[in-house]
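**Student:** Line by line, the protein sequences are chains A and B. Here the first sequence stands for residues 186 to 987, where the numbers follow our numbering. Here the second sequence stands for residues 29 to 275, where the numbers follow our numbering.
Please keep in mind that the hints were generated in silico from the structure rather than gathered at the bench. Treat the numbers as computed from the prediction; the structure is a model and nothing was measured. Where is the CB? At the ideal position from N, CA and C, for every residue including glycine.
Label-pair distances were calculated between CB atoms; the ranges are:
no.: 1; chain 1: B; residue 1: ARG45; chain 2: A; residue 2: ARG208; range: 27 to 35 Å
no.: 2; chain 1: A; residue 1: ALA582; chain 2: B; residue 2: THR46; range: 44 to 52 Å
no.: 3; chain 1: B; residue 1: ASP201; chain 2: A; residue 2: LEU954; range: 57 to 65 Å
The lines below spell out each chain.
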Amino acid sequence: MRSLEHNIMIRNYFKIAYRNLLRNKLTTGLSLFGLILGVACFLLLATYILNELRYDTFHDKADRIVFANFNYQSPSDITAERSQVTPTAVVPVAKREFSEVEEGARFYRFNNREVLVGNQNFNEKNMAIADASFFNIFSFNFLEGNPEDALKQPNHLVLTKTTAQKYFGNRKALGQLVEIDNKSWKISGVIDDIPTYSTLQFDLIGAYGSSERSKTETWNSANDWSFLLLHKASQMEAVQKKLNQYTNYLFSDDYASGYKMWIGLEPITRVHLHSEISSGNALTYIYIFSGIAILLLLIACINFANLMTAKASERLKEIGIRKTLGAARVNLIFQFLAESAIITGLSIILGVLLAFLLLPAFGNVANAEIGTQSWNLTYFVGLIITLFVLVTSVAGAWPALVLSKFKPVLALKGKNLSFGSTALLRKSLVVFQFTISIAFIMATLVTKKQLYFIQHTDTGLNRNNVIMLDASNVTSGELATVQSELRKNETISSVTAAYDAPVNVQGGYTISVGTGLEDDMSITAVPVDKDFVSTLGIKILAGTDFTLSDEKLVKIEPNENRQYAFMLNEKAVENLGLTAETAIGQPANINGRQGFIKAVLQDFNFTSLHEKISPIAIFVEYDYFGEILVKTAGGNPTLTISEIEKTWQSLYPDKTLNYTFLDDAYAALYKSEKRTATILNIFSAITIMVSCLGLFGLSVFTAMQRQKEIGIRKVLGASITQVTAMLTSDFLRLVVIAIIIAAPLAWYFMTGWLQGFAFKIRMPYDLFLLAGAIGLLIAFLTVSFQAIKAAIANPVKSLRTE
Amino acid sequence: MIKITDLEKYYATEEVRTIALNKLSFSVKTGEFVAVMGPSGCGKSTLLNILGLLDDPDGGSFMFNDIEVSGFNERKRAELRKHNIGFVFQSFNLIDELTVFENVELPLIYTGVKSAERKERVDAVLEKMQIMHRRKHFPQQLSGGQQQRVAVARAVVNNPKLILADEPTGNLDSSNGNEVMGLLTELNEAGTTIIMVTHSEHDAKYSHRIIRMLDGQKVTENILADFKSSERPLTTEGGTLTPAEVK
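Looking at chain A on its own, in the form it has when it is part of the complex:
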């Protein structure tokens, strides 16, 4: 019986709440719209964050898998250089020597490979090879074949579902043969596509045994990713200790002369977010996005709460009647919570729908392939329920407590009630909303300016009109032919080649200059073709450019007789204690290459602007080139590319031409910054929009509440302009306060962000003013409409006494 009454009561709450919301269409509409946006954005950002947090956790044995990295420090280096690629010996040694290691697998990624299926040629950018135990350690779902022996035999190959479909359509892939590098490979398995939240990414993976590299265990070069599976997760430190002992012993000679080399271990689940070797700074973005998601939702909740309490004066009579008729305070609280619950429920339903529709577009912007796959059902339902409870109480609790408090007699009169504290809180919340919005605008403008700076600053290397062709399939012997064929085209002004893309040179070497007794110094170096410096317009400060004779001297056989010409940048010369003049002609040795310093180059950025310019050496060497660099004479790039494609087809009818503009490769270094900028852009727009929704609602109610006052003032001679100014200035004052609070906040966070760049703009204070002006203007437009409407109204109506 009690529960029946209870049910009726609850139904009554909702019925009345529903009618109330319907009657107050403006408040309901504004709150709903804001909350829908807030919820949708929250879900989108949450999807992104969940995607990041679950990185690599989907493997059944994830807690026991560790990832090895390789560290190297020469005596002159202040910190060790850490790389994610390790020598081939790490895995077999660990497996043999350490009892804690259950399994181990190496993973090696190829550059482009041409895969011949029947008579069809596919260019695969994402092929890898791995040890047989790979699929025992990692949990990838097999659709065909089985994980135990898929990679046991040499030239066995596992495809992802998409790759298999691309090759064979709906036919069974298992057992089929394909041709790679003139060898026949047998398909031994098909797995589901790799989830986006996996560090390991590949489209096809072959047995490690297929490669020459499997035959030698070496500590001398590092190219593989090494993974170890431990018996227990807790054993990582023990293995680390043993590895240290092992490398100390192994490299004891090097240690004696001041060099350090060691293998570090990290749990695989930490690699993506916490490891310095993983690309990007995923964790920072998680913080940024979580912040945005929560703030935006909070702003939408504030709208609701603000509009509810602002409406209070209109509902005082209703509250008074209810109380007189015997409603306890708790009944009224429930009444208001019911309204909040309806709004929240509705906006969550519509917000989920909106998020669902926007997910692909957001994935595009965030540059993360996120999908509803991240909306894992249990998580998702949990999230939605939490969201519902939180928003209902955050948005509804304050109005409920405030509105239910009034004494019935006062409430009945509906007049002369002091809203002092409520009004103050409401104002503070508006200030809060606009502080966030304006801080976002400020951050957006600062990021934009820094990105503009990155794109337009002179890095000392001319990227204009340079097309970069993937040369990993071209042998160094063929380069001359390719060059001369390309040069025949009159839209091409010069052709050169380099080991790495010149905007992101990574090769770590050591150099010794002089008689050979001096200490070695770590240096970045890149083998190039002799026309490299002139093609890219790098300025020579002293000495002369490479010549044909330099090329001839490094092609001498046997290797020992080769004579190398080195160019060093200013920084390298300075660190070696030389000057541009004294450096020229000095004998030098880079990793065994004997030669002399031929020229000193003006410093140029050869990695991202995040990093200071460090010492670099460039030298001509014709062993391997990763990139062919084509400088066009300007004009239509599409035309030049089709010409290049023709030449390429005539030289390599079987090979696909892969190319990119050097400018794009440069821009790609700032992908994550660009992504942040775009996301900030979008969300600052949404934040200010939601804030303005609330402000608009408040301006409507303020105009209503002050109707009588406006009437009196008009009767006493106030003009429309004066009344409008009075109404808007009250709101604009809040926005000005918000600007004052937002500026130092934005300054603090943006200084931190800019700190990540070695090359950066000075903090642009004028942009802070601009952001403030934008905020003010938007707020003004929002409230002036209502203010003018109120000011125009005939005072007779508001002053009429009932």
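With chain A held as given, fit chain B onto it using these hints.
**Tutor:** Then chain B, alone, in the frame of chain A:
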């Protein structure tokens, strides 16, 4: 000073059109004190709003000091109003957020009087109304009589030629009411024209003439006292406003 002829005003809702003023005509001389009486809904307040240039008539003529003002736009009406007319309301209509001083100061701000002069004039009028000691209080802290004295002070601070009072004693007890009526009489004796809407026969007796209304029309007129006209010109910001300037 005021001459209305065949004044009409309608209120239209979706279904009904109510006639508030039905071809009403009368005139008021400068310096006169006129009471307007009649039952609720007879059009008294509508009349006062039109006379106060707050509202527009739908028909007829309204001469304010020989100027036809019925066609005036909002801006012109406001200009004429703020220099020449003071209002006293039944519910005082003081602004709760402003102090006594600030309330009385408002009309002077809107007519552009400089700060020092404003202070002087507000203090003078507060002194005269005997509420100087309450100048820093908020309306809510005053008694009804005190509030109405503030309202009267606010109405006269600009030295208007005409005061329109809408049941000025309606919310007051009799002693406070008499005090307010005394104030109005004093102002009238000093030359201010007063038109007062009232339900109270007692209050009406303070006037020279009572106009009785019913259903938007004048029914009778009682002359209670002799009144000798002494025309004074309308002014704007201290200068003389001629009919040509207003147009």
